[in-house]
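All letters in the sequence shown, in the order written, are residues 1 to 393 by our numbering.
Derived by calculation from the structure, the hints in this document are not laboratory data. This list has only true hints and no planted wrong ones.
Derived pair list, reagent style DSS-like, types lysine-lysine, alpha-carbon separation capped at 30 Å: (1) K243 to K143; (2) K177 to K68; (3) K119 to K238; (4) K150 to K63; (5) K110 to K94; (6) K119 to K229; (7) K110 to K68; (8) K78 to K150; (9) K229 to K330; (10) K377 to K289; (11) K229 to K110.
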Amino acid sequence: MLIRVDIEKCTGCTTCVNACPFSAIIIKDDKAFITEACTLCGACVESCPESAIIDEREKEEIKPEEFKGVWCFAEQSKGRIASVVYELLGIGRKLADSLNTELSAVLFGKSQEVEELIKWGADKVYYADAPQYDSLDDELYSKTLVRLIKENKPEILLAGATAIGRSFIPRVAARLKVGLTADCTGLEIDRETGNLLQIRPAFGGNIMATILSPTSRPQIATVRPRVMKRGEYIAQRKGEIIKIEPLNPTGRVRILERIEDACLSKVNLQDAKVIVSGGRGLGSPEGFKMLWELANLLGGTVGASRAAVDEGWIPYAHQVGQTGKTVCPKLYIACGISGAVQHLVGMQSSDIIVAINKDPNAPIFNVATYGIVGDLKVVVPLIIKKLKEGVSE
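Make the full structure from the sequences, and use the hints.
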């Protein structure tokens, strides 16, 4: 146990028992004892009035002024860089300019698009193109990134809140013994302290929390796709590509074969320019047939609220919202969706939002560009009819 009780000092006052959020401290024979439920959060150490609880973990002194630069992890799949990377470079460029420092990208795996990272704003690209990096290997990726961070000391590290980012970035934070703020929807620099303000939904999306890591470096955050805007593309921009000395895989897991989920590969919500989404107001799975017809006429695809997915009307791959995909199409049409906060988090940054709902007080109208109060089973067929006639009203 790395946190222990000094029995001689302990008075059995129970202050620590009340302070522990995990009920991991009990009183025996008028003395405090820490059980196996302890998560090492340290709340008891700060609360003890007798300084009888001792944290024996080694604490390396961090000097924030020694860390410079903003890094973005550039994930790739089959050599193609993920679209969220260009969004990270957009916000990363703003953060780097605010701090008057460099913006760098880190790319693992061979890609023909490495130069694109510079054109989208990176000053440097740390590039590992050895074959062992082509597919995600959590252990290899985390060891390599940790080594790079220790050698170069960036003050900020950003990654996409994707399957890849969520898989190995927490390992990086754990190895470095620093914090990680997941699923950020906003990032800013505190002008007074220079700390990164990491903004994300909390308590089911009911509040927006601003999280800081003032005493640890690097400050690590994952960002939800389609929340940030891409930066400026400059074809003539020049930068430096730094080849990384590769490490050999040493983990217990070996990738034998990569198989794509056919359902997920057909539904690309995050890259769609037009999305027609349906909610519980459709009444049945048959209601999605007219949404597919409308989406096909507009050259888009179909999304859904969690309520519709939970009813089994449409697969999870179509879900938009906090527990689904975050999207930012040019046109988002919400049909029979009330507008719960959890859904709005995933689509409110769309360029144009059209809401169709028979309840005039539905929250979806608060974020809609255009609202239609009416029965979607009447309104949607009328829109389809007009589109087929080639009439735009």
